[in-house]
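Residue numbers (the working numbering), protein chains in the order written: chain L, 28 to 144; chain D, 6 to 115.
Simulated from the structure, these hints should not be mistaken for laboratory data.
One or more hints might be untrue.
[What the hints assert, rightly or not] Chain L side only, calculated, beta carbon under 8 Å to chain D, not exhaustive: (1) Ala-29; (2) Thr-58; (3) Gln-68; (4) Gly-69; (5) Leu-72; (6) Ala-115; (7) Leu-118; (8) Asp-131; (9) Gln-133; (10) Gly-136; (11) Pro-137; (12) Gly-138.
As the structure is a computational prediction, the values presented were derived from the model and not from experiment.
All C-beta atoms in this analysis are idealised placements derived from N, C-alpha and C, irrespective of residue type, glycine included.
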Amino acid sequence: EAGVVQSPRYKIIEKKQPVAFWCNPISGHNTLYWYLQNLGQGPELLIRYENEEAVDDSQLPKDRFSAERLKGVDSTLKIQPAELGDSAVYLCASSLGTAKPGTDTQYFGPGTRLTVL
Amino acid sequence: DAKTTQPNSMESNEEEPVHLPCNHSTISGTDYIHWYRQLPSQGPEYVIHGLTSNVNNRMASLAIAEDRKSSTLILHRATLRDAAVYYCILLTSGTYKYIFGTGTRLKVLA
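So here's chain L without its partners, still in its complex pose (with noise of 0.2 Å):
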């Protein structure tokens, strides 16, 4: 069973370009979620989507943030512009979402990481 796809691995931009993450999650996973990680921290939630739906965004920056999941699969996570305060890892991650609250496990993809120069 293929694992969460992220792409790129990799990105450099300068400061105010604009940037996109792509994510395709475990098939027939209904939860998807997006993570920022900053060099030794652990991850922290920006946006959970059930199916097509956002759930819980509040931790979104909207000014310069945006996500979407169109037909409830893929989904992208694009910043714009990018602020040198933006570099981090950006991890995508997918669930059954069908489990009961508190028992439903989270697969992670291997991130992207953002240079902002």
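Given chain L, work out where chain D should sit, using these hints.
Just chain D, lined up with the frame of chain L:
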């Protein structure tokens, strides 16, 4: 949201058991205890989870204190491939929101 406290780092010799502690004194009755680990340059990987009883799987064992205010992840025979950051996370019932701390960096010595 309930918080967890873990040591920043631990060391173990190869092929010896490792006990990774986690304190969660503010845990509520319906919070599940999850453990994930993150190998270098990879995303976090599920290890194990439990509610009240001790749990075993092919990767590890989870020992949960009777009052649930602490738990221990047990790797029965550490290998070099177990070197990673281990995260102890409480998943609040009714939510799907993991709150990761800084975890414990495990170093395995050959």
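Results for each hint:
no. : hint    : result
1   : Ala-29  : violated (14 Å)
2   : Thr-58  : holds (7 Å)
3   : Gln-68  : holds (6 Å)
4   : Gly-69  : holds (3 Å)
5   : Leu-72  : holds (6 Å)
6   : Ala-115 : violated (13 Å)
7   : Leu-118 : holds (5 Å)
8   : Asp-131 : holds (6 Å)
9   : Gln-133 : holds (7 Å)
10  : Gly-136 : holds (5 Å)
11  : Pro-137 : holds (5 Å)
12  : Gly-138 : holds (5 Å)
Hint violations for this structure: numbers 1, 6, all remaining hints satisfied.
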